[in-house]
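Asks: If you want the building blocks of each chain, they are given just below.
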Amino acid sequence: MSSLLPMAITATLCLYALAMTLALVRLMRGPSAQDRVLALDFLSVVAMLSMLVLAIRSNSSMYFEAALLLALFSFVSSVAMAKFLLRGEVIE
Amino acid sequence: MSETIVAGLLVLSGCIVLTAAIGLSRLQDFFVRMHAPALASTFGAWTATLAAIVHFSVVEGGVALHFWLLVIVLALTSPVTAMVLARAALFRRRQAGDALPPPLSAGPGAEANAPAAPGAPEPIDS
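Protein chains in written order, with the working numbering: chain A, 1 to 92; chain B, 1001 to 1126.
The shape of chain B in the complex, shown without the other chains (with noise of 0.2 Å):
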C-alpha cells in the first residue's frame, strides 16, 4: 500500500517538473517564463518529500518529518530569487530601452525610463 502512495506521488512530482521544464523551454518571454518554474519548487517539491516522508516513515518506523526542513527552505528562498531575478531583468531591459511598463511609484529614478512613462502601459512583449 504504502509502496503504491510513494511510487504515484513520485511519478506526479516527475510529471510535474518535465511541465515545468517544458514551459520554461517554450514560453515566450522572460517574464513569463518566469512563472514555469515556480511549478516545481512548489508542486514538485512537495510531492516528492511527501513520497520521502511516507517510504522512511514506514522503513524506520517512526516518523521521518526531517524532510519538510527542504520544503521549508525552498518556501523560504525562491520567492527571494524570484524577486531579485524579475528586479534584475526589469532593470536590464530598461536599461536595453525595451517598451516596458511605467514603474507604479514615480521615485527618483522615473526620469531615467522617460520614454515609457507618457505612453499607455503596453502589455510587455518581446
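Isolated chain A (complex conformation) (with noise of 0.2 Å):
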C-alpha cells in the first residue's frame, strides 16, 4: 500500500516524459512556425504539471509557486510568440 503513491509518481512522470518527447519532435518537424508556437506551449504545460507532481513526490509545497510561475511566463511568451507572427514585432 506504502509503494502505490511512488509507482503511480514514476509512471506519472515517465509519460509526462513521454508526451514531452513527441511534442519536442513536433517542434524540430513542425512545418511551419506556428506548429512550433503550439508544441511550445504544450511543453510548458507539461513541464508547469510535472511541477505538481514533483510537489507530490518530495512532499513540499515549494514546487508550487514555481509551477505557478511556469504558467504565467508560458502565458506570455506564447502571446508574444503569436504576435510575432501575425505581425512581425511584439510591442508596436
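These are computed hints drawn from the structure, not numbers from a lab.
No incorrect hints appear here.
Quick partial rundown of chain A residues pointing at chain B, CB under 8 Å, derived from the structure:
hint	residue
1	Leu5
2	Ala11
3	Ser32
4	Asp35
5	Val45
6	Leu49
7	Asn59
8	Ala71
9	Leu72
10	Phe75
11	Ser78
12	Ala82
Short derived list, chain B residues pointing at chain A, Cβ under 7 Å:
hint	residue
13	Ala1021
14	Ser1025
15	Pro1037
16	Ser1041
17	Thr1077
18	Thr1081
19	Val1084
20	Ala1088
For each label pair, taking beta carbons as the anchor points, the in silico distance ranges come out as:
hint	chain 1	residue 1	chain 2	residue 2	range
21	B	His1035	A	Leu69	19 to 29 Å
22	B	Val1058	A	Ser32	42 to 52 Å
23	A	Cys14	B	Val1059	17 to 27 Å
24	B	Pro1079	A	Met62	21 to 31 Å
25	A	Ile91	B	Ala1075	23 to 33 Å
26	B	Gly1097	A	Val90	20 to 30 Å
27	A	Met7	B	Gln1095	42 to 52 Å
28	B	Gly1097	A	Leu54	44 to 54 Å
Even for Gly, the Cβ is constructed at its ideal location relative to N, Cα and C.
Got two chains here, separate frames each, mind docking them using the hints?
Replies: Take a look at the structure:
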C-alpha cells in the first residue's frame, strides 16, 4: 500500500516525459512556425504539471510557486510569439 | 485510501497528457492539431491539481486549496493563447495563398483575399 504512490508518481513522470518527447518531435519537425509555437506552449503546460507531480513526490509546497510562475511565463511568451507571427514585431 | 485516489488521479492525468501529445504529433492540419493541447490544459491539469489538493490536504491537515490557482490561471490564459495563435495562423496562411474559408464579416480586409471569397467555402485541408 505504501509503495503505491511512488510507483504512480514514477509512472506519471514517465508518461509526461513521453508526451514531452512527442511534443519535441513536433517542435523540431513542425512544418510551419505556428506549429512550433503550439508545441512550445504544450511543452510548458506539461512542465507545469510535472512541477505539481514533483511537489507531491517531495512533499513540499514550494513547487507550487514554480508551477505558477511557469504557467504565467508560458502564457506571456506564447502570446508574444503569436503576436510576432501576426505582426512581425512584438511591441508596436 | 487517499493514496489510492491520488495515484489514480495522477496516472489518469499522465494518460490524458499522453493522449494530447499523440494528437499533437499525429493530426494532419494545424487547425485540427490545435485541439489536442486543450485536452492537457483542461482535463490533465484538473486531474493533477485534484491529486495535489487531496494529497496536501491529507498530509498537512486542513484544506490546501491554493492549488486551484493553477487551474484558474490555465483557464484564463489558454483560450487567449489559442485565439491569438489561431489568428496568427489564419493570417499567415492567407498571406501564403492557401485555400481557406472566407472571413465571416466582409470587412475592409475582404478584398485582400478575393481569390478565396467567390468560391464555395471549402473545407480546410493541407
